[in-house]
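Student: Sequences listed follow chains A and B, in order.
Just so we're aligned, residue 18 is where the first sequence starts under the numbering used here, counting upward by one.
Just so we're aligned, residue 2 is where the second sequence starts under the numbering used here, counting upward by one.
Among these hints, one or two may not hold up.
As the list claims (entries may be wrong) - Calculated cross-link-like contacts (lysine to aspartate or glutamate; reagent style EDC-like; alpha-carbon spacing at most 20 angstroms):
1) A:K439 with A:E492
2) A:K379 with A:D354
3) B:K188 with A:E74
4) B:K51 with A:D83
What the hints assert, rightly or not - Negatives, chain B to chain A, calculated, CB over 10 angstroms:
5) P80
6) E109
7) D146
8) E149
9) E158
10) L183
Just so you know, these hints were derived from the structure itself, not from any lab.
No residue lacks a Cβ here, since even glycine has one placed at the ideal position from N, Cα and C.
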Amino acid sequence: MSLFQHISIKNKLVSIILFVSTLTMVIGFTIVGISNVKSLKKEMHLNTLMNTRLIGEYSVAPLTFDDNAGAENILSKLSTIPGAVSGALYDRNGFLFASYKRSDDIFIQPLYKNPDELTESLSFFTKNILKVDHPIIYNNYEYGIIVIQVETTLLNKKIKDFIYIMASILAGMFILAFFLANRFQKPISQPILELAKLTRKISVEGNYDVKLERSSNDEIGILYEDFNNMLQQILIREAARDEAEKKLQKEKERAEESDQLKSAFLANMSHEIRTPMNAILGFTELITMPDSEVTPEEKENFIKLINNSANNLLQLIDDIIDISKIEAEQLKIIKKDCALNSTLKDIWQSFLEIRKHKGKEKVDIRLNESALEQNIFIKTDPLRLNQVLTNLIDNALKFTEDGFIEFGYEIQNGKQLLFYVKDTGVGMDQKKKDFVFDRFIKLEDNSSRLYRGAGLGLAICKSLVELLNGKIWVESAPNIGSTFYFTLPFDQVHASENSMKIVDVNEIYNWHDKTILVAEDEPANYIYIEEVLKITKAKILKAVNGKEAVDMISNNSNIDIIIMDIKMPVMDGYEATRRIKSLRKDIPIISQSAYAMPGDIDKGLESGMNDYLIKPVKPKVLLSILNKHLNQLSPTG
Amino acid sequence: MLNINFKHIIYTFFKFQKLRAILFILFFIISFQSFSQTNIYVLKAVYLEKFSRFITWPEESQINNVSEPFIISVIGRTPLTKNLEQIYSIQKINNKKVIIKRISNLYEIENSHILVIAESEKKNLQNILTLTKNLPVLTVSEASDFSEKGVIVNFFEENNKLRFEINETAVLESPLQMSFYLMNSAKIVHPVKDN
Chain A
18 MSLFQHISIK NKLVSIILFV STLTMVIGFT IVGISNVKSL KKEMHLNTLM
68 NTRLIGEYSV APLTFDDNAG AENILSKLST IPGAVSGALY DRNGFLFASY
118 KRSDDIFIQP LYKNPDELTE SLSFFTKNIL KVDHPIIYNN YEYGIIVIQV
168 ETTLLNKKIK DFIYIMASIL AGMFILAFFL ANRFQKPISQ PILELAKLTR
218 KISVEGNYDV KLERSSNDEI GILYEDFNNM LQQILIREAA RDEAEKKLQK
268 EKERAEESDQ LKSAFLANMS HEIRTPMNAI LGFTELITMP DSEVTPEEKE
318 NFIKLINNSA NNLLQLIDDI IDISKIEAEQ LKIIKKDCAL NSTLKDIWQS
368 FLEIRKHKGK EKVDIRLNES ALEQNIFIKT DPLRLNQVLT NLIDNALKFT
418 EDGFIEFGYE IQNGKQLLFY VKDTGVGMDQ KKKDFVFDRF IKLEDNSSRL
468 YRGAGLGLAI CKSLVELLNG KIWVESAPNI GSTFYFTLPF DQVHASENSM
518 KIVDVNEIYN WHDKTILVAE DEPANYIYIE EVLKITKAKI LKAVNGKEAV
568 DMISNNSNID IIIMDIKMPV MDGYEATRRI KSLRKDIPII SQSAYAMPGD
618 IDKGLESGMN DYLIKPVKPK VLLSILNKHL NQLSPTG
Chain B
2 MLNINFKHII YTFFKFQKLR AILFILFFII SFQSFSQTNI YVLKAVYLEK
52 FSRFITWPEE SQINNVSEPF IISVIGRTPL TKNLEQIYSI QKINNKKVII
102 KRISNLYEIE NSHILVIAES EKKNLQNILT LTKNLPVLTV SEASDFSEKG
152 VIVNFFEENN KLRFEINETA VLESPLQMSF YLMNSAKIVH PVKDN
């Protein structure tokens, strides 16, 4: 059987067919042969028996009339019967009466038995001789016994001939069966060989996008179909796997990138925070040194530098908060009616101021005059639009030493607004343009001069513009300048200007009849607010936590307005506000917090606060907000 | 007790194997003597019974009727008659009692199954044969040329051995039927020609 395992299917099939057909033939031939031999033997037996009877009957008369010669004459006829060896005729007493022998060397035996015992023919088969003893009975008279011996060699020869013929037929059939089996095994072995070939091809090439042609409806046909289905499934699975792999790869890349960026960010931040801190701490120390010989002009200059550095620091922190909000998808777009022209004008004016602070008076900042002629209101988030433009102009200012910065907008097809900020700065090449909007990317020029900034401004701009359903891009040439473009949907409204507007006028307020409660646990902050409010001559009360503020309100009905810090010990600003509002519903509460995350403001408004300020609070802003609420409270004052 | 086959008698009486060889030789001497000398007529008489085994008589001869006798008629004078009477006083033919009739008149032939014609009837042979020609009677003789003349069976001696000849034409003309085996043992006279 192990030999059988190593041969090919084709040979297996041929062997099986040959084995079965040969076995069948051999069995068939054996059966036919045996029956043939049997019938031959029987035929010979019957022939001999008949001859014996005939001769016996012929011998009746010679026996009757003691005619030995006649009997001999009859027996001599045996010579014409092929294979007859001898014949003997015994009379009814058992004495030999007449005999015949083919050759002289044959011995005729006397009858060693009583003739009366023999009532019917008896046959004896020995190796080569068939002997028949037959009683001669005629008309009920017993005449004697005839014994005839016949050679069976003739039979043996016949059997031998028969075997030879059968063997040659068998050989012929075997050869025929071999050829036929070789021919007819193909429909079975061929598809299996094809399947094997294809499987090998698949395993070598790894290509599963192949198919087997089904040619039959038998088990192999079903196998082919199942195989095709399997290949199809493998293909589908492979595609899914590839996709998942790609996705994972992307995720991995992103994770790696993110990790890299975080590292870069940390390194950057460390540098960016230290730089302004250095200036702030250094100059304040110079100013506060007891034996310093700083002139008042120098002092003023130092303070300006300190202020500038602090502003930079604040800007950086704002940027970080914004980018983290964007990444966390928590940045909310609050669309309002926005007076486009006044917004642009405000920005222009503030930059004229900023330019001075930065010492870039050489740079001319222009607002495109054509834009000013139109008075357009659009629905957008003014705060974010302001932020984008401010960032872009700030960026332009950073890279421009002389020349100009121009910004403005135009309406395209009445559908969208195209804003632009053009500068004559260092510009950049194509390579840098591709990732200028990526986070933490900073532009460095050939002189390796490091520009200030965390590399977040443009990334924030891009995200904000996209949140406002617009697009941002840059056109630039090195040493000629850059132009940043962004679009916004032109969603025009005809509404009055009701957006929050900060009055940028140096007004002197007089609140000598007002009492302001400042709830603030941090002494430095309280001192700052006290200093700002000094000029208004208002009466200022101090509470160091929420609970104290509540107590003071319940004891003092003269308090007109409250400035409430959110994060305080004992009782926080939200809780205090709720309690105060339950005592005096109409008293305005303005929160001030370093919390700039969205939700904090909402939470404050929810607890009953009327307005909010975000630290650091600029004096002008604080005064303007207080003014707004005090006026509402007592329009006559 | 007389029987044609002495060998058989001896054999049945003495079944002892050892005695067989001695008895065998003794018997041969006796039988040879009797056969060649006196007992040729005994043999002939016995042969008549044996002939009857190979011959079929027509139904009219009452051959199968056991109550009717088997009749052997003898015409003329011959020693055979005495032997016939001796033997067939006991011996039956076809289970029938045998009657031996000595006849002188030809008309007595009727109802006979076998007619033995003695040599003494040589002159009268043609008349006898004319009469028996169409009768179911087996004619037997013991004269040299009787068979030529139309007798069906005729005994003769050859090499000291009793033989018989058969006139085939006479058999064919007779209402009797004769077995081929009998003719095969006999010398055929006047064979029937195939034409």
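Student: Does each hint fit the structure? Answer for all of them.
Tutor: Against the structure, the hints come out as follows:
Between the alpha carbons of K439 (chain A) and E492 (chain A) the distance comes to roughly 9 angstroms, so the proposed pair stays at or under 20 angstroms and holds. A distance of roughly 36 angstroms separates the Cα atoms of K379 (chain A) and D354 (chain A); the hinted pair therefore is violated under the 20 angstroms criterion. Pair hint K188 (chain B) plus E74 (chain A) holds up; C-alpha atoms about 19 angstroms apart against a cutoff of 20 angstroms. Distance check on the hinted pair: K51 (chain B) and D83 (chain A) sit about 11 angstroms apart at the alpha-carbon level, within 20 angstroms; holds.
Listed as outside the interface, P80 (chain B) is consistent with that label: its C-beta sits roughly 20 angstroms from the nearest C-beta of chain A, beyond the 10 angstroms cut-off. At roughly 29 angstroms from the closest C-beta of chain A, the C-beta of E109 (chain B) stays outside 10 angstroms, upholding its exclusion from the interface. Taking the minimum C-beta to C-beta distance to chain A, about 21 angstroms, the non-interface status of D146 (chain B) holds against the 10 angstroms cut. For E149 (chain B), the shortest C-beta to C-beta distance to chain A comes to about 21 angstroms, beyond the 10 angstroms cut-off, and the non-interface label holds.
E158 (chain B), annotated as away from the interface, keeps every beta carbon of chain A farther than 10 angstroms; the closest lies near 13 angstroms. Against chain A, the non-interface label of L183 (chain B) is violated: not every CB pair exceeds 10 angstroms, the least being about 5 angstroms.
Hints 2 and 10, counting from the list given before, are not met by this structure.
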